[in-house]
Amino acid sequence: MYPFWEVPHLTSGLIIAMIASFHILPSHLATGAFWFMAYIEGKAINDNRPELFAFLKRFSLFILVFCFVIGSLTGVGIWFSATVASPRAISGLIHNYVWGWATEWVFFLIEIATIYAYYYTFGKVPPRTHRRIGLIYAWGAWMSMVIITGILGFMLSSDKWIETGSFFDGFFNSTYWPQLAFRTAGMIAIASVYAIIVAASLEKGKVRYEIIRKAGAWGLCALAAGALFATWYLNALPDNSKELIFQDMIPPLKTMLHVAIGAAVAVAVYFLLFGVVRPQLACRSFGIVMMLVLLAGIGAGEGLREGCRRPYIINQYMYGNQVVARDLEAKKVKGEVEFFQEHGLTSRLLFFPDQLRIFPEEHLAKAGRIIALHQCGNCHTMDQKGIRPLPGLLANLGLEDAESIADFLDALGEYPFMPPFAANEDEKRATAAYLATLIPAGE
Amino acid sequence: MNIIDVVQYVQAMRDPAGLPFYPLVFQFLMVLTFALHIMFVNFVVGGITLALWGRMSGDPKALRLSKALARASTVNLSIAIVLAVAPLLFVQVIYDPFWYTANTMSAVWAMAFLIAVTAAFYCLYLFYLGGKKESRNGNPFWLVLALAAAGLAGYIIHSLTMEQLLADQWQDLVVKGLDVDTSGTVLAGFSLPRILHFIIPSFAISGIFLMIYAWYFRGRSDYPEDYIDFAARLGGWLALWATVAQAAVGVWWLISLPSKFNFLSNPFFLAGATSGLVLLGLLVAAKSDPIKWAPRAMGMAFVTLFLMSYAREALRSLYAEKVGYSIFDYKLNVDWGSTILFLATFLGGLVVLAYPAVVAYHAGKSDAPLTEEPAEGLGKVAYALTIIWFVVVAGLGIFISMKNGTLF
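For the record, the sequence lines run as chains A and B. Counted from 1, the first sequence has number 92 at position 92 by this note's numbering; the numbering is strictly sequential. Heads up, this note's numbering is the position in the second sequence plus 443, with the first residue counted as 1.
Next up, chain B with everything else stripped away, as it sits in the complex (with noise of 0.2 angstroms):
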């Protein structure tokens, strides 16, 4: 007779091909992009709420706000989507186990999710659309749903995430009597202190974003300085608070956590918690000129985002030891060429990226069209770096097909 504990469960659903690199790598980028999607996430939260706040405040610069808050979002959705597949990918890599178990138990939830995510998005683009002519304003019915659905897509995510931690109840979750259930409708795990420090930053990272903008669009003449004085304003306002209200749930997610994890001295977590205090006596100062500090809050929340996003990593391998897992003992099989491609293509893909956003930057600053090129020399370097890629990469190929015997 076979009897297998999740322990050993987790142990042999490791890919057998093991990691085709060194594991804190993999859980480094993981981090990082994760951080850079989550900072998007917030961007689209907070501006989806904001841009419905302002459509039924009646004040004509909240109007306005609202409307560049939604094409904003949209704009914000789509990089949030296109960032996600990186953490995506790296979170697979290094905890297979609990990634797939959880998704295909809730199967019919990923799903749902895909679909809540498409939905959010043409909502809040039918909204944009609505008011794209000045004389007119979007229907905030569409904001509505593009928020209903947002939710939806975040409280499935959630639960997948929490579902992960909860190993040791997987079999009990799957598992009924003498029947097992197939549906792929599982769906438990739900911490509200834990979900509300996804939400509430939306509302400061989205005032710092209000802040950016304002600073951004400063001294243009089609934006009249009162309007850009109310942005920066509430931006400050709204940043301040939001993160002392984080702060606050911080501290009930802490208390909420197993006390054997130890968590308030994990090196992790102090770090993240200084940062947000950083954070927040910056945004304090801010308050006198919220425009001349839009930058250096913007580069603070993004550091305090990244570091937390270490913390809630640490609080995962926490969880993943419970059942003996640490992904510092998956089985290595490195591959240097394919690390050395993604390498070589990350640094100088920004490079690359640089230059529309360089472009974009100056073209949305100037009143008039540019009639100058603006960065011509970068713009020659990232297109030149985009064929040389492609002729290094091809060359490689013929040459591996050729001695493998693969071309024709």
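Extracted from the complex, chain A is given alone in its bound form (with noise of 0.2 angstroms):
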């Protein structure tokens, strides 16, 4: 096992939500604002109106220096994160999955040399070129959508492929379709928002609320395809997400759905009064407050999207604590469970004191702190507050004492959210031992 990074309080699978919250916005938008765009530059050429062009300049500068910039640094930035929180897991997906990402990552190439001819060549070239540039970027910025969906599905269900191994097999899996409609209805909603965010900074007259009426019944539309879209999307989820979301097995799962429709439809509500009927009353200010709202929604449908995966971080294939949930014959890849449970943890465990390899009594707990570590900290903080706290959900158990709380793990893979605790007797003795020394004395 790679060394365990402990992040105090929020363990480090937070780290990577909050990297991803901050790509959620600036990769959407990238993706999405081009079509808005390059339907406004359509009309602006076809109907000679020059004076949309004002807007398409402000509009795209944004994109460039905040979307694409913070975009393609989040879209690192979880990649980094993702390696240093679940190395096995990202191992995992890039071993089988490599060709996709570098599938996308040419047209990461297309969109940067897209994006900057555009922005630098505006009214420097025939206008029929520029469009077709700006047409290429929103085709290139939408294809690494169609790709990343893949892999994203891929890990939520991995349906024909836990037996052929094939990458499309994985790739187009059940919850592709759905979930690639869904999230470009959503890119188009906040393309809509971002339009009217920018149309109300223009001076006030024709242009700028033909610009937001346009973008509200964009949105509108988006928004009225995104919720069929979602019912299918949720509708296609594996049967043990479901079990986890609807039997309220774990609660966070459904508050998190409900903030997402509630989002969605105070977006539906703000498109229809101020950009469709009332396009004079938009302000900038009030769209952004409706971005974050819209973001919060997007936030909270990830959210729920990562949580209903339990106890897979690859659906069917390996388990949030980065153990390999079983046999993968096509590729040759054996489940590790049994194996950590009769072998042990340890014997794949570099970092970890020689000495405690024969874990002597009095270091006992010292020894099941790292066990523990690899077993249980990627979902738990070992901490007293924080993320999923062991000592508080132990105690609340009545668990105190070393004995039951050695029960207790290995009862472990009967809960529906949690893997099977994967070392042996020694092994489970000494992570006993720690966590018993975790739970506040007295209570």
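Hints in this document: simulated from the structure, not taken from any laboratory. Just so it is clear, the structure is predicted and the values come from calculations on it, not from any experiment. Worth double-checking, as some hints may not be accurate.
For lysine-lysine, the following DSSO-like pairs were computed, each having C-alpha atoms within a straight-line distance of at most 27 angstroms [claimed, not checked]:
#1 LYS332(A) - LYS846(B)
#2 LYS124(A) - LYS504(B)
#3 LYS57(A) - LYS619(B)
#4 LYS823(B) - LYS619(B)
#5 LYS57(A) - LYS504(B)
#6 LYS774(B) - LYS160(A)
#7 LYS808(B) - LYS823(B)
#8 LYS846(B) - LYS331(A)
#9 LYS124(A) - LYS576(B)
#10 LYS385(A) - LYS254(A)
#11 LYS846(B) - LYS160(A)
Join the two chains, each given in its own frame, into one complex according to the hints.
Structure, rendered in structure tokens:
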């Protein structure tokens, strides 16, 4: 096992989530915005309305300096944080999907070339050339979504891949199409809010209201379609995920679902009232507020997607604590749970003090801390407060001494959202001894 | 009792799924994309430094150059970031045990690296914004900050790379007596000649960048001849002397390597060094007319970067061999479908990329707005290719989903 990075209170998983939430807005905006832009530019050219170009230039600058740069930095950031939080999981993904990511990278190159060419050639090249570059950007950016959705969907529902190990069987999985449709609708909705914000900084008048009204209509349609796609998406989830959400097995998941729905409804009302019906009322600051609402909704949606995957980090294949869950014959991969239960996790732990390998009674808890981090630390903090703190959770169940904790560890796999305890008897004893030291005295 | 040593560890940590294609291909792509990435990193580091120098120097030509470089560096940095994705991906495919070990033990630094790069970009951007209007100049303070942030990022990534080479020290870095360091704050590994070998070329490569800048903008009415001449000569001078310094540092680095590597007689090293010498000769010849020689110098500089990157990779494989690791005995699960998907996209992508490049080239070179569509045919092909890509992939997807019953 790789060295474990312990983040006090938060867990390293939350660091990924934090970076990912900064990634959502710029990345979806950078993919969606140019569709609206190409539409307005088409109008400007075909109806011969040069006044629309002022809007376009403003619209694209922020996309360039904020969305594109922050989007690519946080994208790399998700990777780096996943690397340090769940190295074996990202390794598993990369060793199966490297060509998918490499293909997506080709589209990144196309995006960066076209977005700079687009921005710096405003008014310097014939309109048709300019619009074509914008369209290539729009397609290229959407293609990066077409690709990454395959990998995200694979983590949620691996389907046939478990039998065949084939790239495309995992890529075009059962949540792929609904998720792609849903994300596409989401990106258009984000782009529409952004268009309203930018248009609201134009001079009051016909052009401003016209653009706001169009953006409102785009956004409203996108959200209406999004509602349909969301139903499809939720329906397509694997059964274990549905149970976790709808049978209240992990209550926060349902809350996230409600937040996502609430945000979408609020933004839809906004599109209708401030976009379609009364564009005169739209202003920049309220638009920004609505952007944040939408962002909260999307964040909740992504949280839901991450949360309902448990106990897996890669559906059916790898558990959240980075242990391979089962054999994958097509690739000659062996499941690791039984191996670790028989031979011990320490057989793969280089970063473990040699003196502790015999599990001496007097240092049992020290040895147990490392095992516990590897087995539980991806999802639980060991501190008293924070993300799913183990001391409190164990105390709540009335587990206070090492023996009862050891029994609990034996039964861990019976929870629908937790992986089985994958370590041998000595290691379990040590883990239980360590966990017992965490329980606050006198409770 | 379980005992495991580092030799067993690097074998055990290899990804159980194996590689989806032959390791040589990943290695080649990794080196190629790394060389591209590092070229843009060099542009940025040299560009920021020169922009700072130009801002402080008081010479109006240098000041103008400073503004141009600040703007170019924001673009170059964002390109460098995007280019980084590919080598980052491929190194994880073939050197995963090394990459993940170093990164997790230095997790905090890996996160700090991201913050440093972000800070460098926005400091640079703020400087550029400050000087966007002709009458005003950016605050050099932002450049100092940008340089500091870039320096920190460079230092971190250098250390992370060194850590990967020092597998025999890993255990001692993390296990301290009876305790295990899980704080992610380890940062070991520093080699002065090695890091200099990355910094000095920044000036050589940026010098050549200036030559190309002069070559490209010469003849535009808003670029006076003496300014173009200034940029070209400065560039030629910088490229030449930085390359000389680079050769000296290279020798130093070579001496500092473990002698049993016999790196001096390593074919990759010899190819890289030869190419460096050819570049040096070319730069000497370019002294008389740096503009004329600019494209050739840039081409040769890239060849040198590429070969030197391969030499660096050869060195890495020597370090890996010390713990019994070779990328060439990695388990294989060849997946032709996805390999073809990538290769086809890559080749098609080059065609698509050519279009904005050609348009930008013509638009920037002309004084007045273009009235004719540049490369219209290429544009139509490029646009069609993106749509064809989607149609083919979606068609394949629908077919597979129907076959597997995963469509609805």
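| message | Between the alpha carbons of LYS774(B) and LYS160(A), is the straight-line distance 27 angstroms or under? | response | Distance of about 22 angstroms is within 27 angstroms: holds.
| said: Holds or violated: LYS332(A) and LYS846(B), Cα atoms, limit 27 angstroms. | reply: holds (24 angstroms)
| Given pair status - LYS823(B), LYS808(B), alpha carbons within 27 angstroms | This hinted pair holds, its Cα atoms lying about 22 angstroms apart.
| request: Verify the proposed pairing of LYS385(A) with LYS254(A), using a straight-line Cα cut of 27 angstroms. | output: Status holds; Cα separation ~23 angstroms.
| CA of LYS57(A) to CA of LYS619(B), is that 27 angstroms or under? | Roughly 57 angstroms between the alpha carbons, so the hint for LYS57(A) and LYS619(B) is violated.
| Has the given pair, LYS57(A) with LYS504(B), been kept, meaning a C-alpha gap of at most 27 angstroms? | Cα-Cα ~30 angstroms, so violated.
| field | Given hint LYS576(B) paired with LYS124(A) - CA-CA distance at most 27 angstroms | value | It holds: about 20 angstroms lies between the C-alpha atoms, which stays within 27 angstroms.
| Agreement of LYS846(B) and LYS331(A) with the hint, judged by alpha carbon distance not exceeding 27 angstroms | Holds. LYS846(B) to LYS331(A) sits at ~21 angstroms (cutoff 27 angstroms).
| Quick one, are LYS124(A) and LYS504(B) close enough, alpha carbons at most 27 angstroms? | Satisfied, since the Cα-Cα distance of roughly 26 angstroms is no more than 27 angstroms.
| said: Tell me if the straight-line CA distance from LYS823(B) to LYS619(B) falls inside 27 angstroms. | reply: violated (63 angstroms)
| LYS846(B) and LYS160(A): Cα distance at most 27 angstroms? | With Cα atoms ~10 angstroms apart, LYS846(B) and LYS160(A) stay inside 27 angstroms; holds.
Against the hints set out earlier in the document, violations occur for numbers 3, 4, 5.
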